[in-house]
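Visitor: Chains A and B are the protein sequences, given in the same order.
Going by the working numbering, 314 is the number at position 263 of the first sequence; the sequence numbering is gapless.
Going by the working numbering, 349 is the number at position 298 of the second sequence; the sequence numbering is gapless.
Hints in this document: simulated from the structure, not taken from any laboratory.
Be careful, since some hints might not be right.
Just so you know, same-sequence chains aren't split out, so a pair can sit in one copy or run between any two.
Here are the simulated SDA-like cross-link-like pairs (lysine to any residue), alpha carbons at most 20 angstroms apart as the crow flies [to be verified]: (1) 392 / 423; (2) 104 / 119; (3) 327 / 364; (4) 186 / 197; (5) 161 / 417; (6) 264 / 228; (7) 148 / 417; (8) 232 / 431; (9) 326 / 288; (10) 232 / 222; (11) 266 / 231; (12) 266 / 229; (13) 380 / 358; (14) 193 / 257; (15) 148 / 79; (16) 232 / 140; (17) 186 / 198; (18) 346 / 229; (19) 483 / 443; (20) 56 / 95.
Each chain, letter by letter, is given below.
Number of protein chains: 2
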Amino acid sequence: MQDLKHVYISEISKYAGRDVCLKGWLYNKRSSGKLHFLQVRDGTGIIQAVVFKGDVDPETFTMADKIPQESSVEVYGTVKEDKRSPAGFEIGVKHLKLVSEAMEYPISPKEHGVAFLLENRHLWLRSPRQHAILKIRNTIIKTIRDYFNNNNFLLIDAPIFTPAACEGTTTLFETEYFDEKAYLTQSGQLYMEGAVMAFGKVYCFGPTFRAEKSKTRRHLTEFWMVEPEMAYYDLNMDMDLAEDFVETIVQSVLNANRAELGLLERDISKLENIKKPFPRISYDEALEILKSKGKEVPWGEDFGGDEETAISENFDGPVMIHRYPAECKAFYMKQDPQNAKLALCVDMIAPEGYGEIIGGGQREDNLDLLLAKIKEHNLNREAFEWYLDLRRYGSVPHAGFGLGIERTVGWLCGLHHVRETIPFPRMMERIKP
Amino acid sequence: MQDLKHVYISEISKYAGRDVCLKGWLYNKRSSGKLHFLQVRDGTGIIQAVVFKGDVDPETFTMADKIPQESSVEVYGTVKEDKRSPAGFEIGVKHLKLVSEAMEYPISPKEHGVAFLLENRHLWLRSPRQHAILKIRNTIIKTIRDYFNNNNFLLIDAPIFTPAACEGTTTLFETEYFDEKAYLTQSGQLYMEGAVMAFGKVYCFGPTFRAEKSKTRRHLTEFWMVEPEMAYYDLNMDMDLAEDFVETIVQSVLNANRAELGLLERDISKLENIKKPFPRISYDEALEILKSKGKEVPWGEDFGGDEETAISENFDGPVMIHRYPAECKAFYMKQDPQNAKLALCVDMIAPEGYGEIIGGGQREDNLDLLLAKIKEHNLNREAFEWYLDLRRYGSVPHAGFGLGIERTVGWLCGLHHVRETIPFPRMMERIKP
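Chain A on its own, in the form it takes in the complex:
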């Protein structure tokens, strides 16, 4: 019996009618006299294992009655088709082996507070809801990497330790670096600009950090960002790529994760609508939309979460807002040749109030304009000499963007808060476990 082949629940349909061994954990159970119905999970799925008194030795029957939730167990039995079960199959148990008996499990089916669940994140991960979210996260990340591999981008991992800030210093995490100071990266963009002059099309994909003292539902201190950068691209080409990229991600999740979206009770029709082209509006047009809703924003100010939500209400899918006032955007944004007050930048706002998922645009490729911007922003020119080199030796029009993974997961899963979108979330007041 113990020689039976170990199979995973996700591949159980291949073993219909055969005797197999499952290795997993007891997720739940119910009993009725001569029958115990064990819900067994192994990380790839959940299946019902039926223990009938007449089929097993007395020890197995007793064990099936007493085994506590989350105990680890090996199940030996026959794979039987069962149209009523979600898996389509159940196991007719012949023998059980208790691997380790669990102590009383702290997470019960009753509602728990979020603080308690976060404190027990290592156990909370075992719930079907967290499974569904992290499987969707896995699909999103796989799709992103496949997308860039298939489109001849080269992966260029950006450094985490940086000597200078990319966008302001107030939200930087600082660390002693031997006899110097180092800062944890907030974006790989400047490095991608360096690499793109060597490789044409590049991307980085790694963790980034912001020491923001904010406890909103959209903020993590540590989050993953993917940042493509393309040589010889202008703002329009950048927007073309961004919308194709986001459409690809959404369609890929719809293809791969119907079951998970169902478990999360996500309104799938809202996602099925996400097809390019996405609407493109200027900052000025966005101001008009806000005005029509009674939200006056003075020209020159950036939008916050409230404004993004208000604008997104006018659209079924993501909307791209381009050409913000240069004064509210970073120094490296390219000046609009049509209007020096505007930057050739773009933000993509997710629908349904999920906020900004992409920020990007064309980069300033003119050495003199860039030098003026560095001065205007009171940045330390010396720290940017290498970056200025990129305009000295073969400057070209180039553009790129960054997409935040956790906000994208939150949007596609329909989650209220980003804390569930990453396996071990880090927030202002949360660094454990």
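We have chain A already, so just place chain B on it with the hints.
Guide: Here is chain B on its own, set in the frame of chain A:
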């Protein structure tokens, strides 16, 4: 002319006989009277663009004569088969457009010191050698992610900010985390152990950090590591997976990167030999090998770089050394049931003196033994309560390993030093650019 389709050099063979536009940089040139031969690179390859006086307007011919190295340029012309060129094609130029004239380029074909090249890493990346290395790095990373996706592993990104040390505190980078201290992760392993009880087979793949005050050719302060973890796996299954994984990576690079390996003058025959099964020797057998070479190591001591190199000389490919003395290994290693002095761990040593590329093993799944180890190692038990939970609620045999990306890149590329294996290396005395 300016309406011609923009194509990349990597796809030039599809356009034989047609007029196209290339957008890139001048890598090199030579002239002979009525002909200028421009070597143009666009990040996907290098191609020769031939400017014949009779074919172009005078401005283009003059420009071709004067354009400095690394200037950005658009080349309009006809794709012609040319058996003598490495690309198999050249461009018969009809028109050139200078996008940006480069200042005098600081990196010339003459030899430069490593410090100078590292200081100019953003420009050094443009060299064919760095291209070759980073394309091989790209293949390795793609292969790793495909491998785990194809084998039903779930990606579980481990946190970078951690509250406690996994392996000692002397080499930790520390940062202020609002009102607390946080440390940059040295390994995602403990988190993978948590996740594997939820998902069965998981992996993390991200940057890890060691503040080691060592300037050897094998050390970076920031390096990427991939760490799979499997529930219901013992040490032997762990070694089976490790050798299959490494074989897959090596064969994938051989398939995808013959040209790059050639450019690096890598002895390919050494890599073609890398086929599983890999030899497995015990720590005691490794001691015998060292003794036979006149290197006596007292039983109980771990091996350093010198010992690893000496052992690797006895093998054509990677060798796995298992069952080290528990006293020289981390607290979480599972005690060998056959001999309590040994740990069920494994290190994989690359051939040709490239050192340890994998460290891993089976984890202690017995709560009491683990508690004793935490006490013995003077670790703060409270910080590990969540980790101990994994032995309280359904403990199972489990195992995993970590593979260092940069050492793997260094080995496969045949590099003396790891500093070239990552786009922007971080070492004790190097944090710029």
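Visitor: If a hint holds in the structure, say so; if it doesn't, say that too.
Guide: Checked hints:
1. Taking the closest pair of Cα atoms, residue 392 and residue 423 come within 20 angstroms of each other only inside a single copy of the chain (14 angstroms); across copies the shortest separation is 67 angstroms, beyond that limit.
2. When the C-alpha separation of residue 104 and residue 119 is checked against a cutoff of 20 angstroms, the pair qualifies only within one copy, where the shortest distance is 19 angstroms, while the shortest distance between copies is 86 angstroms.
3. Only within a single protomer do residue 327 and residue 364 lie at most 20 angstroms apart by alpha-carbon distance; the minimum there is 18 angstroms, versus 57 angstroms between protomers.
4. For the homomeric pair residue 186 and residue 197, the shortest alpha-carbon distances inside one copy (16 angstroms) and between copies (16 angstroms) are both at most 20 angstroms.
5. For the homomeric pair residue 161 and residue 417, neither the shortest alpha-carbon distance inside one copy (61 angstroms) nor that between copies (30 angstroms) is at most 20 angstroms.
6. For the homomeric pair residue 264 and residue 228, the shortest alpha-carbon distance between copies (11 angstroms) is at most 20 angstroms, but the shortest distance inside one copy (24 angstroms) is not.
7. Only between protomers do residue 148 and residue 417 lie at most 20 angstroms apart by alpha-carbon distance; the minimum there is 17 angstroms, versus 70 angstroms within a single protomer.
8. Only within a single protomer do residue 232 and residue 431 lie at most 20 angstroms apart by alpha-carbon distance; the minimum there is 15 angstroms, versus 29 angstroms between protomers.
9. For the homomeric pair residue 326 and residue 288, the shortest alpha-carbon distance inside one copy (17 angstroms) is at most 20 angstroms, but the shortest distance between copies (45 angstroms) is not.
10. Taking the closest pair of Cα atoms, residue 232 and residue 222 come within 20 angstroms of each other both inside a single copy (15 angstroms) and across two copies (16 angstroms).
11. Within a single copy, residue 266 and residue 231 get their C-alpha atoms only as close as 31 angstroms, which misses the 20 angstroms cut-off; across copies the closest is 16 angstroms, which meets it.
12. Within a single copy, residue 266 and residue 229 get their C-alpha atoms only as close as 32 angstroms, which misses the 20 angstroms cut-off; across copies the closest is 13 angstroms, which meets it.
13. For the homomeric pair residue 380 and residue 358, the shortest alpha-carbon distance inside one copy (16 angstroms) is at most 20 angstroms, but the shortest distance between copies (55 angstroms) is not.
14. In this assembly of identical chains, the alpha carbons of residue 193 and residue 257 lie at most 20 angstroms apart whether taken from the same copy (13 angstroms) or from different copies (15 angstroms).
15. In this homomeric assembly, residue 148 and residue 79 come within 20 angstroms of each other (Cα to Cα) only inside a single copy, at 17 angstroms, whereas the closest approach across copies is 70 angstroms.
16. Taking CA atoms no more than 20 angstroms apart as the test, residue 232 paired with residue 140 passes in neither setting, with 58 angstroms inside one copy and 50 angstroms between copies.
17. Taking the shortest Cα distances, residue 186 and residue 198 sit within 20 angstroms of each other both inside one copy (18 angstroms) and across copies (17 angstroms).
18. For a Cα distance limit of 20 angstroms, the shortest separation of residue 346 from residue 229 qualifies neither inside one copy, at 50 angstroms, nor across copies, at 34 angstroms.
19. Proximity of residue 483 to residue 443 under the C-alpha cut-off of 20 angstroms is restricted to the inter-copy arrangement: shortest distance 19 angstroms between copies versus 46 angstroms within a copy.
20. In this assembly of identical chains, the alpha carbons of residue 56 and residue 95 lie at most 20 angstroms apart only when taken from the same copy (16 angstroms versus 47 angstroms across copies).
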